[in-house]
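As they're listed, the protein sequences go chains A and B. Start counting the first sequence at 1145; every next residue gets the next number (the working numbering). Start counting the second sequence at 7; every next residue gets the next number (the working numbering).
Among these hints, one or two may not hold up.
Cut-off 35 Å, straight-line C-alpha distance, at most; resulting in silico cross-link-like pairs (DSBU-like, lysine-lysine) [claimed, not checked]:
#1 A:Lys1464 x B:Lys375
#2 A:Lys1456 x A:Lys1399
#3 A:Lys1399 x A:Lys1464
#4 B:Lys371 x A:Lys1399
#5 B:Lys260 x A:Lys1456
#6 A:Lys1464 x B:Lys188
Which chain B residues face chain A? A few, computed with CB under 10 Å, are given here [to be verified]:
#7 Ile44
#8 Pro48
#9 Ile56
#10 Phe92
#11 Arg149
#12 Glu341
#13 Ile346
#14 Val350
#15 Phe353
#16 Ala356
#17 Ala358
#18 Tyr369
#19 Leu372
Just so you know, the hints here were simulated from the structure itself, not pulled from any lab data. No residue lacks a Cβ here, since even glycine has one placed at the ideal position from N, Cα and C.
Here is what each chain is made of, one letter per residue.
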Amino acid sequence: MILADFFNVLDAALRVSTPLIFCAMAGIFSERSGIIDISLEGKLLASAFAAACVATVSGSPVLALSVAMLVSVCLSLLHGVACINYRGNQVVSGLAINILMSGLTVVLGIAWFHQGGQTPSLSPSARFMPIELPGAAAVADVPVLGPLYSGVISGHSVLVYAAFLAVLFTSWVVYRTRFGLRLRAVGENPQAVDTAGISVAWMRYRAIIICGALCGIGGTYLAIAQNAGFSREMSAGQGYIALAAMVFGNWRPGKALMACLLFGLLDAVAIRLQGVPMPIVGQVPVQLIQALPFVLTVVLLAGFFGRSIAPKAIGQPYSKDR
Amino acid sequence: MSSADNTVHMPTWLRVGVVPLVNLSMALFVSGLIFWIIGENPIEAVRLMIYGAFGYQEAIGYTLFYATNFIFTGLAVAVAFHAGLFNIGGEGQAYVGGLGMALMALAFDDVLPVYLLVPLCLVSGAVFGAAWGAVPGWLQAYRGSHIVITTIMFNFIASALLGYLLVSVLIAPGSMAPETRKFLDSASIPYLYEIAAWFGVELSRSPANGSLFIALICAFGLWLYIWRSPSGYALRTVGFSERAASYSGIDARKVTVITMCLSGGLAAMMGLNEILGTQHRLLLNFTAGYGFTGIAVSLMGRNHPVGIVLASLLFGALYQGGAELAFDMPKVTREMVVAIQGLVILFSGALAYMSEPWVAWVYGKLIGKHVIVEGAV
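Okay, chain B solo, but in the shape it has when bound (with noise of 0.2 Å):
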C-alpha cells in the first residue's frame, strides 16, 4: 500500500463532471456503432444531428420544446430520488395531469381569460398529476407495496382511463381521431416567438412557448426547496436514511407521500407544454415516453437542477436532431433517438461506476498519486 500522503479521494470534479462526460461518450460511441451497422456514416449523422438541433433559430426553438418537457419529468424523478423514490410513473401523472388540464380548459375556455384560465388549468393538472403520484406514495408509505411496481401499475391503468375518456367521453363530436375539441385561444400559452413580438424581437416559428420559463422556475424553486428548506432537509434526510429520519422526529411516511405529490405535479407540468402550449387539445398517448426520458434526464444530471436542465437541452437536442436526421438519412428513423435515450440510460445510470476506476487511474497517473474510489467494487 502506497503510504498515506500519497493518496488522494476522487475530486468532486472529477466525479461529477468527468464521469458522467466519460459515460456519456461511452453511450455515444455505441450508437455510433448501432450507425455504422445499419450503413450510415456516424461522423456525418452527429454533424447532421448538431446542424438539425442549433443549426438556424427554428431548430433551436424545436430543441428549447422538447427540452421543455424533459426539465419537468427530469426534476419529477429528480424529486423523488432524493427521498429515495424511484417514480418511474412519471408518464402516466402526466397523462392523468393532461387530463386535468384540458378539463379546465374544455369547462372554462369561453367564460374565463387567459390570464385566470391558464393558472386554474395548472393548477388543476398539478393536482391531477399529484393525485396519481400520491397515491402509489401512500401504498408505499402505509401498506408497504413496491413503489416501483405500483408506478408501473398506475402507468398503464392511466393509459386505460385516458382511453377510454378520450374514445368514449372527450372526444370531439364528429371526430374520427380520439381527441377532445381545440380549446379557444383563451387556454393557451403564448409562444415564445408571440412573446418575442411584444418586444419588438422577430424570432421563426417555433412550438417553443412560455413553459419554458415555468420549467426554469420550477427548477430553481425545486433547488430551494431542496436544499434551502426544511421540507426539503427532512426530504433528503429520509432519503438518506428512513430509520434515522424516524429518530430525528421526521415523519417518512408523510415526507414521502407529499414528495410523490410533488414528484406527480411536477411531472404533470409537462402538459404546459404540450397541452397549452401547442397542441391546444388533448390527445391520445400526448406524453409519448416523455416521461421515461425524465429518467434518463435526472440520471444524467446527477439529480441536480442545473444538471436537469443542461441535460435536458442534451435530450432537447438528441430529439430535434434526430427527427431532422430521419429525414436526411433514408435509413434513420426516429427510433434511432429511442435507442440512443436507452443507451444514455444505460451507461449513465446502470454502468454509472464502470468507469470511475478507469477514470481514478488515468488521473492516479497523470498526478503520480494512487487515487481512492468510494464504493467502487
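For reference, chain A alone in the conformation it holds in the complex (with noise of 0.2 Å):
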C-alpha cells in the first residue's frame, strides 16, 4: 500500500512538474540571451485562458495550443520591444506583463462567459485527455515495475510527454548548435556577437519568440489537459516557481527539469500530507512544504550549497555606442 501511495505522488508530481518544465524551459532561452523575464507568469495565465476559450468555442484542442502560444509569444514580442528596442527596465515589464494578464483574463474572461472569470467545462473531446501507453495494461500485473509503468509513466496528457522532448529540445539547442553558441554568447558577451556581426536584437527576438511558444504550451496544458476550463488565477505563482527552478537549476536544461520535478514533488507531497499525521514530528503544515521551493533557492543563491551564476550579460539593454 505504501508503494501505490509513492506511485501516486510520483503520478501526480509528474502532472504539476509539466507547466514548470514548460515555463523554466522558456526561461531559459529568454534569460541565457540575456533577458530576464518574470514575465513567465503572466504569459502562462494568459495562454491558459486563450486556451480554454478557443477550446470552448471551436472545440478543437490543437486550435487552442495554437492560438495559445501566438498568444504567448505576442506578449513575448511586447516584452521584447520594451527590453530591446526601447532599453526599457526588463524587470518593470515583466511585471507590467503579470499584472495586465491577471487582470485582463478575469475581465475578459467575465464580460465573454458570465462565469465570475471561469470558462465553460469543456467536454474530453476538447481538451488534451491522458494517453494510454502501448502494453500499459498488459504489464499492469507485474510486481513494482508494473504500476510504475502504467501507473506513473503512462496515462497522462501527450503535453506531459511532451515538456520532457522540450527538455532535449532546449538542451539540444542551447548546447548542440550554432544558434544556441550564439545564443549563449548574446547573454555572456553581447559585444563580442555584436563583432563578429551577428545582431544581438535579433539573436535576442528569437530566443524570446521561442521563450513564448514554451510558455504557450504551458498554459495550454493548465487550462485543457490538467484541468477542464479556465479559472480566474489559475496559473497561481507556477511561472515564479518556474524561474526559481530555473535559477535553481543554475540556468541549464537538465538540472532545471530536475529542480521542476523536485518542486513538483514537494507540492505532490504537500497536497498528500495534507492532515495526515506524520510519525514523530506530528503533521507538517502544508505551507512549510509550499514554501521550501523558494526557501531552497534563495538558499542556494546565497551560496551555502552549490553555486548558481547568471548569464552575465543579463538584464542590460544592449547599445551599439558604447
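Taking the hints as your guide, dock the two standalone chains into a single complex.
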C-alpha cells in the first residue's frame, strides 16, 4: 500500500511539474540570451486563458494550443519591444505583463462567458486527454515495475510527454547548435557577438519567441489538459516557481528539469500530507512544504550549498554606441 | 546636421512633466480600448470613475484611504531605486510588517493606552518589515544573489509563513476565517472623520484615517533623507555607480543593506493604514497587491516623494473609481483596475523612453529647433 501511495504521489508530481518544465525551459531561452523574464507567470496565465477560450468556442484542442502559443509569443514580443528596442527595464516590463494579464484574463473572462471569470467546463473532445502507452494494461500486474509503468509513466496527457521532449530540445539547441552557441554568447558578452557580425537584437528576439511558444504550451496544458477550463488566477505563481527552478538549475536544461520535478514532488507531497499526522514530527504544515522551493532557491542563491551563476549580461539593454 | 545654435537639449519640464503625462494617456487610451472591446462606453466609464473617486465626501475619503497605502509602498520602491536596487518584495515586507504590528496589538491592547501602543506597533511593524527587506539586501550585498529573484522568493515565503500563522496559530478561537481576533480600541488609529470631529468639523464616514498624515511625514522625511543628508548622498552615489561610491570611501554593501531596511520598513507602514487604521485585525492577504502597485506609483512619480504622493492620489482615485464602476457597469469588475495598473506600469515604466523622441520632435517643430534626447535609441 505504501508503494501504491508512493506511485500516486509520483504520478501527481509529474502532472504538476509539467507547466513548470515548459516555463523553466522558456525562461532558459530568454535568460540565456540576456533578457530577464519574470513575465513567465503572465504568459502562462494568458495562454491558459486563450487556450480555454478557443477550445470552448471551436472544440479543437490543437487550434487552442496554436492560439495559446500565438498569444504568448505576442506577449514575448511586447516584452522584446520594451526591453530590446526601447531599452526599458526588463523587470518592470515583465511585471507589467504579469499584472496586466492577471486583470485582463478576469475582465475578458467575465465579459465573454459570464461565469465569474471562469470559462465553461470543456468536454473531453476539446481537451488533451490522458493517453495510455502501449502495453500499459498488459504489464500492470508485474510487481513494482508494472504499476510504475502503467500508473506513473503511462496515462498522461500528450503534453506531459512533450514537456520532456522540450527539455531534450532545449538542451540540444542550447548546447549542440550554432544558434545555441550564439544564444549563450549573446547573454554573456553581446559586444563580442556584435563584433562577429551577428545582430544582438535579432538573436534576442528569436530567443524570446521560442520562450513565448514554450510558455504557451505550458498554459495550454494548465487549462485544457490538467483542468477542464480556465479559472481566475489559475497559474497561481507557477511561473515564479518555474523561475525559481530555472535559477535553482543554474540556467541549465537538465538541472532545471530536476528542480522542476523536485518542486513538483514537493507540491504533490504537500497535497498528500494535508491533515495526515506523520510519525515523530506530527502534522507537517502544508505551507512549510509549499514554501520549500523558494527557501531552497534562496539558500542556493546565497551560495551556502552549490552555486548559481546567472548569464553575465543579463538585465542589461545592449546598445552599440558604447 | 544643424548648427550648434539651432540645437537644444530636451528641457527638464518636458522630460519630467510632459512625457509622463503622454505615457499615462497612452495607458489610458489602451484601457479605453479594453472597455470598448467588452462593450462598455469608455467615455462614460471615465465620467463614472471620476465621480466615484471625487464626486462626494465619502468617495474622497476612500480615495485618500487607498492613496495612503500607495504612498507607503511607492516610497518603499523609490528609496531602493535611488540606490540602484529593485525591491519587488514590498508585498512580502508589508505582510510581515503587518504581522509585527498585530503581535504587539494582540499582546498589549488590554494594558497599554493608545498613545503608547500605536507607536509601539509602528516600531514593531517597521522592524519586522525592515528585517524582511534586509535579508535580500544582505544576500545581494554580501553573497551576490540577485535582489529581484530573492525578493520574489521572499514574497512567497512571507505568504506561506503568514498563511500558516493565521490558519494554525493566530486564528481567533472559534472563528472560521483565517484572521486574528479584533484588536481593542487602544490599538487603533483614529479615522479622519473622528479627527475632524475633535475640531468640530463634520465629515462623512470613510476608512481614511490618521495614517495619511504619517504617510505624508514619511514622504517629507524621505525627501530630507535622500537629498539633504550625508547617508542619502551615499545612497544616491551607490545607485549612480557602485564603483565610484567605493572609490570615494562609501561602503556600498552597508548602504545596500540599510536601504533595504528602510525600504522594507516603509512598505511595512502600509499595515498602519490597513491593520491599525481600518481592519483592526490581521487577516489573510491584506496586502492585496498594494506592494506591487507601489512599483507603478514610484515609476509614475519618477521616484520623487512629491511625484509619488501625486501618483498615489491618481492610483487611489483609480482604485476607488474602479470599485464604484463595478457597481454601475455590469460588465466591469474590479479586476479592470488591475489591468489598467498593468498598462500604466507598461507605458510609464517599461516603455518610458518610447514617447520621448516623439515629444521632442513635436516640441522641436513648435520652437523651430532640433531637439536632442539623451539616452534615446
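Verification of the hints:
Straight-line distance between C-alpha atoms of lysine 1464 of chain A and lysine 375 of chain B comes to about 27 Å, which keeps the hinted pair within the 35 Å bound. The straight-line distance between the Cα atoms of lysine 1456 of chain A and lysine 1399 of chain A is roughly 19 Å, inside the 35 Å bound, and the hint therefore holds. Proximity of lysine 1399 of chain A to lysine 1464 of chain A is assessed by CA-CA distance (about 34 Å); at most 35 Å being required, the pair is judged to hold. Of the supplied pair hints, the one linking lysine 371 of chain B and lysine 1399 of chain A is violated, its CA atoms being roughly 56 Å apart against a limit of 35 Å.
Straight-line distance between C-alpha atoms of lysine 260 of chain B and lysine 1456 of chain A comes to about 24 Å, which keeps the hinted pair within the 35 Å bound. With a C-alpha separation of about 60 Å, the suggested pairing of lysine 1464 of chain A with lysine 188 of chain B is violated against the 35 Å cut-off. Because the closest C-beta pair between isoleucine 44 of chain B and chain A is about 4 Å apart, less than 10 Å, the hint holds. Hint status for proline 48 of chain B: violated, given a least beta-carbon distance of 13 Å to chain A, over 10 Å.
Checking isoleucine 56 of chain B against chain A: minimum C-beta separation of about 20 Å lies over 10 Å; hint violated. With its C-beta approaching chain A no nearer than about 5 Å, phenylalanine 92 of chain B sits inside the 10 Å limit, and its interface hint holds. A distance limit of 10 Å between C-beta atoms decides the matter here; for arginine 149 of chain B the minimum to chain A is near 5 Å, and the interface restraint holds. The interface hint given for glutamate 341 of chain B holds, since its Cβ lies 4 Å from the closest Cβ of chain A, which is under the 10 Å cut-off.
With a cut of 10 Å, the hint placing isoleucine 346 of chain B at the interface with chain A holds, because the nearest CB-to-CB distance is about 7 Å. Among the interface hints, the one on valine 350 of chain B holds; its C-beta lies about 8 Å from the nearest C-beta in chain A, closer than the 10 Å criterion. At a threshold of 10 Å, the smallest CB-CB gap from phenylalanine 353 of chain B to chain A is about 8 Å, leaving the interface hint in force. Interface restraint check for alanine 356 of chain B: the shortest CB-CB distance to chain A comes to about 3 Å, inside 10 Å, so the restraint holds.
The closest approach between the C-beta of alanine 358 of chain B and any C-beta of chain A is roughly 6 Å, which is under the 10 Å cut-off, so the hint is satisfied. For tyrosine 369 of chain B, the suggested interface contact is broken, since its CB lies about 19 Å from the closest CB of chain A, more than 10 Å. Checking leucine 372 of chain B against chain A by beta carbon gives a least distance of about 24 Å; that is not within 10 Å, so the hint is violated.
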